[in-house]
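A.B. asks: Spelled out from the first residue to the last, the chains are:
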Amino acid sequence: MATMTKRTFTALAASGVLQLARGGADQAYAKDKVKIAFVGPLTGALSPHGIGGRNSAELAVKLMNADPTTKYDYELVVLDDECKPNVGVQVVTKIASDRSIIAAIPHYCSATAIATVDIFNRFKLPMVVWAAVLPEITYARKYPEVHRVSGILIGQNRVGAQFMRERGYRKFVSFVDSTDYGKSMNKYFAQFTLENGNEILGTFAVPPDQQDLSAELTKIKELKPEVIYFGGLTPLGARLRTQMEKLGIVAQFEGNSGIMGDAFIAAVGPELAEGTLTFFDSPPISRMPGGKFFTDNYAAAGYRDPPEAYGPFAYVATRLVLETIEKTGPDRAKVTAALGDVKDRPSIVGPINFDDHGQNITPLTTKYVVQDGKWVVWEDSEYASGKRKLKNLP
Amino acid sequence: MGMIGQHLLNGLMQGTIYGLVAMGFTIFFGVMNVIKFSHGDVLTLGAFGGLVAAWATHALGLPVGIQLIAVFAAAMLLSAVVGAGISHFLIMPLRNAPPLNMLLMTMMVGTLIREAIRLFFPNGTNPQRFPELLPSGGFNLGNVFVRNDGLILMVAGIASIAVVHWIINRTRFGLAMRAVAEDVETARTMGINYARVIPLTFALGSITAGFAGTIYGLYYSEINYGMGLLLAVIGFSAAIVGGLGNIWGAIIGGYLFAGLQTFVVAAIPSMSDYKNVFAFVLVIVLITWRPTGLLAERGSERV
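As they're listed, the protein sequences go chains A and B.
Number 394 marks the last residue of the first sequence (my numbering); no jumps.
Number 697 marks the last residue of the second sequence (my numbering); no jumps.
It is worth saying that the hints were derived from the structure and are not from the lab.
Keep in mind it's a predicted model, so treat the numbers as computed, not measured.
For each residue, glycine too, the CB sits at the ideal point set by N, CA and C.
Hints may be right or wrong, so weigh each one.
[What the hints assert, rightly or not] Taking beta-carbon pairs under 10 Å as the criterion, some of the chain B residues facing chain A (in silico):
#1 N427
#2 N520
#3 D543
#4 T682
#5 T686
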């Protein structure tokens, strides 16, 4: 081994000192890293929605980081809640106890969201819900940390009940999942349907993972409803629609935001999905103020999976959190306070206005029908023009 | 209750699937005194094997009939191989260990199979659409709507139960199985190849699981990695109610379980969410009243 000369040693030492000095200088100019968390179902039957939401949140972070004027370098911590309340509680506890995470964009499923709101409050972690629509998430308690950009299911049911009455439907059956979400759907569906003078022939609640629905559907067949109302999420909804057909039940199928998205049509198949009605809290992305901007950037980012119905809301929730951190700095309490003051904040889905419970009060419930394998706004559809007909129209 | 016939038909279809699963449990217990808790996951694996066969034969443009045969063959072959493998590599080495070890081990194997499907099957976390290879539609028999595919599958299920019964009671292999079930040592001294009978018995029990998994996929048009969990619990409960170790007991237990679930929905308003609760309460009552199950005493011969 060659002996190191004094001159070589000095040169190496000098070089090391220079490197250190340069690194330090670079760090002085680097932006501080700020972490925020996204939580949604990335595995399991509802993962198409979770992945669409995750991509959209990631897009918001990417675009923010690409802007040279931002104060911080943002990192999105992504966690899978599997749409299960127990898993949701675990992952939210994990992010809430990590003080380097400043805010969160949580949950597609209402049953998961309602199980975790207390944790956000206990750990003082500000959050903006991107999809779950159960009213109690924002309204059961007045937690300053809890906000939501998506709508609530009351509006969907009110608009849906009115719409069905206008078409002349009178006899309904309610089929819901037995979670808090399904129960709430049933509650408001029943309230508005009965207010309209219509009749609910029967109500069925089943666990969301129940496979065989033949006993319930046989009972439903006996009741001869004109419409089967469904209050649940895509997997059970797809199973219900498929098994309805197999048992020869010809009833109009009516859903809500839980089946909105490409995943329902893919699971059922375009032929069986044809004519399905849904009431969702926003117009199509193409008609939103920033729709073109969002779809162009989503496409440019090269995501393989579609954003699904709530992707734009996940984008908006993330963007809102990032803009707030830019304004207040990465401090949970300051972010919470600033989110509470959001009024008329422009976004790609229109202005965001939080009420005193952190609920965005501007979503616009829109009526949709499946036509040729796509969700089409009712007014634009051939069903509205009379060219095609819904089932069992009186 | 105006559609009693329809409810009965639904119960029969579900009961056939439960009975097939329960029959597997009873075969394992009858011969080896093993409660194989991976049975539901072997069923799931069989169904996924059938799905792959459906994809492959569809891609090759083969006729639907051939696709159907391939689906059943792949499901049953895969289940048989896995079942025999479990017995050869895991059950046999543990045959002298305490029964709890074997129970625990089969549970772990089940979890491994389930997680392997979830992690390694393409898009395995999501429910998979099972192709509809049987004639769709149906016909009315009075006020009962009979699904064509349901009818075919129910007949196939009942036929498979009859075939298993025939194998056990009318073939040399069945005779060897029964001899081993009765007394292992005596059977060995009579020249029965114990080391061959056990894996074959496990293969037979697992074939019924693969068959049930395929029926499940074809009937519901959907399979998922976790579907075997509840089916195994129900199948095991049905086997217990009927009398663990007794084939006819397992079948009766399966139909009883399905009948009760259907009855709860049909007869008691707004009770859909409680149908499993009712069914399991009945299991508890029956086991308390008759710990050996409904047929265990009458059918003294196991398997």
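A.B. asks: Identify whether the interface hint at N427 of chain B stands, where standing means a beta carbon of chain A within less than 10 Å of its own.
C.D. replies: violated, 31 Å
A.B. asks: N520 of chain B was flagged as interface toward chain A. Is the shortest Cβ-Cβ separation under 10 Å?
C.D. replies: Holds. Min distance 6 Å.
A.B. asks: Under 10 Å, Cβ to Cβ, is where T686 of chain B needs to be relative to chain A, so tell me if that hint holds or is violated.
C.D. replies: violated, 29 Å
A.B. asks: Is the hint on D543 of chain B kept, meaning its closest Cβ partner in chain A is under 10 Å away?
C.D. replies: holds, 8 Å
A.B. asks: Holds or violated: is the Cβ of T682 of chain B closer than 10 Å to a Cβ in chain A?
C.D. replies: For T682 of chain B, the interface hint is violated, since the closest Cβ of chain A sits about 26 Å away, which is over 10 Å.
In the structure shown, a violation is registered for the earlier hints numbered 1, 4, 5, in ascending order.
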